[in-house]
Amino acid sequence: MKNIVRASLVALMLVGAYAGLSTPAPAMSNPRNAITVADGGTYTPTSPTSPTKPGSGGVNN
Amino acid sequence: MAAFSLVYIFWAVSLIAEIGVCVMLWRKHLRQRYPIFFTYALYQVISGSVLAVIGRAAGLEGFTYFYAYWSINAVSIGLSFGVIYELFRIALQPYHALRDLGTMLFTWVTVMMLLVSILLAVTGPAPNEPMRVVAGVLSLERDVRLMQCGLLLFFLLFGSKLGLTLRHRTFGIAMGFGFYAATDLISVSVRAHIGPEWALTYSLVGQFFWIAACGTWAYYVVRPEPAPVMMPSMAATRPILQRWNEALAEATASYSSGAPRFDTPDPFTSTVEKTVERVLRKDIHN
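Protein chains in written order, with the numbering used here: chain A, 1 to 61; chain B, 1 to 286.
Think of the hints as simulated: they come from the structure by calculation, not from any bench. All C-beta atoms, glycine included, are put in the ideal place defined by N, C-alpha and C. Keep in mind that a hint or two might mislead.
[What the hints assert, rightly or not] Chain A side only, calculated, beta carbon under 8 Å to chain B, not exhaustive:
hint	residue
1	1
2	2
3	4
4	6
5	9
6	12
7	13
8	15
9	16
10	17
11	19
12	20
13	22
14	23
[Unchecked claim] Which chain B residues stay away from chain A? Per the calculated CB distances, all over 12 Å, these:
hint	residue
15	92
16	143
17	153
18	154
19	157
20	159
21	190
22	222
23	249
Produce the complete structure using the sequences and hints provided.
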C-alpha cells in the first residue's frame, strides 16, 4: 500500500513538473491564458474590468 | 451567480481548514520547529480574510481586488519559498555541511528567480501594467511550484537515506505542498489549452485541491510523529549523504584553514574536483 502511495506521488510530481515546464511562461505568451490560483483558495482575478467605487459592494457587481 | 456562491463556500471551508492548521500548530508547540510554515499558515488566514472583505466591499472584478490579490499572492509565494527552505534544512539537520551548501544554493536560486521574474515582467509582451504585474508574479509562482514538486520528489526518492518515512511530519508538510503544486501546474497547463472561459471552474478546482492540502497538513500535525528511523540500508553501508557531508566538511575546513590552496589557476574547480574524487573513493572502499 505504501509503495502504491509513493509511486502515485512520484508519478503526480513528474506529471506536474512536466506540465509546468511544457506550458509557456506566462510573460512569454498571453498571460490571460496561463493564470493561476493563489494559495488560500481565493478567487483569481484575471484582469480588472473597471475601477471600483467605494461601497459598490456585492459579488461581481 | 451560483458558481460565485460556490467560490465563497469553498473560501469559507479553506479558511476554516487554515485556522485549524494554525491552532493545531500552536497547541502542539510546533511553531518553534516550523516557524516559517506557521507564519505561512497564519498569513493565509489573514490574507484570505482581507481578500474576502475587499471582494465583498469592492467586487471581485475591480482594480482594488485585483491589486490586493496579486500583492498578497506575491508575499505568499515568498513565504512558500521560505517553507521549502525550512523543510530542506530540517530534513538535512544531521548533515551540517550539506545544509550549508543547500543554504548557499537557495540564496543564489532566490536571486536568480527574482531577476528572471522582474525581467519577464518588464520586457514581456504584456499589454498593460496590470498584466505585467500578473506576468511577474506568475513566473515566480511557477518556479516555486516546480521547487515544491522537486522537494517532495527528493523526499520520496531519498527519504529512506534521511530517515524520513511517509509517517513523518516534515514529509507530510512537503506532501501537502507538493500535491497542491503538482495539481496547480496541471490545472494551469489545462487552462492554457482551454482558454480564459474556464477561469471560474479553474478557480474552483484550485480551491478544492487547496482544501485537500490543508487537510493533509492538519492530519500530519495532529497525529503523533515517530522517531527518525534507521533503515537497514543506512546501517549496512555509510549512506551517500553522509559521505558527501564528510567530504564537504573536510573541503570547507581545508579551504578556511591557512593551508596554501592557490596551487592551480582555479582553486574553486580544484576543490570541487577533489571533493567529488574523495566521495567516489569512499564509495568504492565501502
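Against the structure, the hints:
no.: 1; hint: 1; verdict: violated (10 Å)
no.: 2; hint: 2; verdict: holds (6 Å)
no.: 3; hint: 4; verdict: violated (11 Å)
no.: 4; hint: 6; verdict: holds (6 Å)
no.: 5; hint: 9; verdict: holds (6 Å)
no.: 6; hint: 12; verdict: holds (5 Å)
no.: 7; hint: 13; verdict: holds (5 Å)
no.: 8; hint: 15; verdict: holds (6 Å)
no.: 9; hint: 16; verdict: holds (3 Å)
no.: 10; hint: 17; verdict: holds (5 Å)
no.: 11; hint: 19; verdict: holds (4 Å)
no.: 12; hint: 20; verdict: holds (4 Å)
no.: 13; hint: 22; verdict: holds (7 Å)
no.: 14; hint: 23; verdict: holds (4 Å)
no.: 15; hint: 92; verdict: holds (19 Å)
no.: 16; hint: 143; verdict: violated (9 Å)
no.: 17; hint: 153; verdict: violated (5 Å)
no.: 18; hint: 154; verdict: violated (10 Å)
no.: 19; hint: 157; verdict: violated (8 Å)
no.: 20; hint: 159; verdict: violated (9 Å)
no.: 21; hint: 190; verdict: violated (8 Å)
no.: 22; hint: 222; verdict: holds (19 Å)
no.: 23; hint: 249; verdict: holds (31 Å)
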